[in-house]
Amino acid sequence: MPKSVFHFTLLLLFALKSNAESYSGHYFTSWFPRPWALQYASFYAKYNKSLTRISTTTCNSTLHDYRASYLAPPSSTIAKQLLSICYQHEQCMLDALSSQEIANFNSASVVLGLIPTLLSAIGPTIAEISLLSIHRPFLAFLLSLGAPAVGPQRVFEYSGPAHVLGGSSDGNTHPSTLFEISIAKRWEWAQLPLSVLQYALAAGAAANVFMTSLEVGKKSILSWGCTVMFCPFIWSLLSCITHVVAAIGFGLARRNAARQVADSEQGQQQRVGKSDGGQSDQRLLDKLPRLLWKQVKG
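Residue numbers (mature numbering (1 follows the signal peptide of the UniProt record, and there is no 0)): -20 to -1, 1 to 278.
Think of the hints as simulated: they come from the structure by calculation, not from any bench.
Be aware that one or more of the hints could be misleading.
[Unchecked claim] Straight-line distance between alpha carbons at most 20 Å, and here's what the computed SDA-like set of lysine to any residue pairs gives:
1. K198 x P15
2. K198 x N86
3. K199 x I114
4. K199 x M73
5. K29 x V196
6. K60 x Y50
7. K199 x S56
8. K199 x I95
9. K60 x A88
10. K29 x E70
11. K29 x D75
12. K198 x P104
13. K199 x P53
14. K26 x L99
15. K198 x N188
16. K198 x F210
17. K60 x P13
18. K199 x A101
19. K198 x S79
20. K29 x A76
21. K198 x V176
22. K165 x P15
23. K198 x F23
24. K60 x W204
25. K198 x S22
26. K199 x N188
27. K199 x S55
28. K199 x T57
29. K198 x G103
30. K26 x E81
31. K199 x I58
32. K29 x V90
33. K26 x W204
34. K29 x E195
35. K199 x P15
36. K199 x N40
37. K199 x I102
38. K26 x L194
39. K26 x P13
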């Protein structure tokens, strides 16, 4: 018998001798996702000492069973009981916590539930990301990853790209909602460093969301899926999908609007029969916000 198999057999004998029967009537599944890392190994700093003490002393029996089930071959019977053992260890730890600690955990869950609303309120709108994706698609993609929430009220609130650019359906113009910075000619050399800084900040925001999602999945327990660790990461990607779909739709509408403007100007020039000295290009730019508004709105 290989040495590794012998050690694993001893682990099962000593860890599951008294508690293997207690899991037979609970969750028994092989299709439920397995964690990509060992759970109950570390907790957040504030309660790390107390939770580690409870997990390794009061709930030491279920902790050993969980680790044995996690290390077992996926096709084995004890590996299929991982979900049940995970719930048992979680319940054991909750029973050992004080009422004050339980109240603190409940308060933290309420605050955590409000964070998406706050992020959606201060993050970029769908129209702004769509406009940015025309000229700097990779920066728009990084910003959509760094703002992992789109509030429902902002999804159903229409804010057309024409409104962001300046313009309305009746052809009247109004100030743009974008924050514009004009760089003097003598400071043109600073455009490249500023662009690099923008990409670095956006990449840092995206990396922060990525690392935080992985940390939340590893140091917390999902109430309806004890062994599921990837849900926070999947949630952080959903807003990116919304922005990508909106950017593709805006790009198609922009191409259609530009084609209509070009056809209209070409027909007008043929009727006039002479060149207007480049004024048609200016008229095209003046009409583009209005046509974009009609295309996206209708």
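Now for the hints, and whether the structure bears them out:
no.	hint	result
1	K198 x P15	holds, 9 Å
2	K198 x N86	holds, 19 Å
3	K199 x I114	violated, 39 Å
4	K199 x M73	holds, 14 Å
5	K29 x V196	holds, 18 Å
6	K60 x Y50	holds, 9 Å
7	K199 x S56	violated, 26 Å
8	K199 x I95	holds, 18 Å
9	K60 x A88	violated, 32 Å
10	K29 x E70	holds, 16 Å
11	K29 x D75	holds, 17 Å
12	K198 x P104	violated, 29 Å
13	K199 x P53	violated, 24 Å
14	K26 x L99	violated, 24 Å
15	K198 x N188	holds, 15 Å
16	K198 x F210	holds, 9 Å
17	K60 x P13	holds, 11 Å
18	K199 x A101	violated, 27 Å
19	K198 x S79	violated, 24 Å
20	K29 x A76	holds, 14 Å
21	K198 x V176	violated, 33 Å
22	K165 x P15	violated, 56 Å
23	K198 x F23	holds, 8 Å
24	K60 x W204	holds, 17 Å
25	K198 x S22	holds, 8 Å
26	K199 x N188	holds, 16 Å
27	K199 x S55	violated, 26 Å
28	K199 x T57	violated, 26 Å
29	K198 x G103	violated, 26 Å
30	K26 x E81	holds, 11 Å
31	K199 x I58	violated, 24 Å
32	K29 x V90	violated, 23 Å
33	K26 x W204	violated, 25 Å
34	K29 x E195	holds, 18 Å
35	K199 x P15	holds, 12 Å
36	K199 x N40	holds, 18 Å
37	K199 x I102	violated, 27 Å
38	K26 x L194	holds, 19 Å
39	K26 x P13	violated, 29 Å
The structure is inconsistent with the numbered hints 3, 7, 9, 12, 13, 14, 18, 19, 21, 22, 27, 28, 29, 31, 32, 33, 37 and 39, although it conforms to all the rest.
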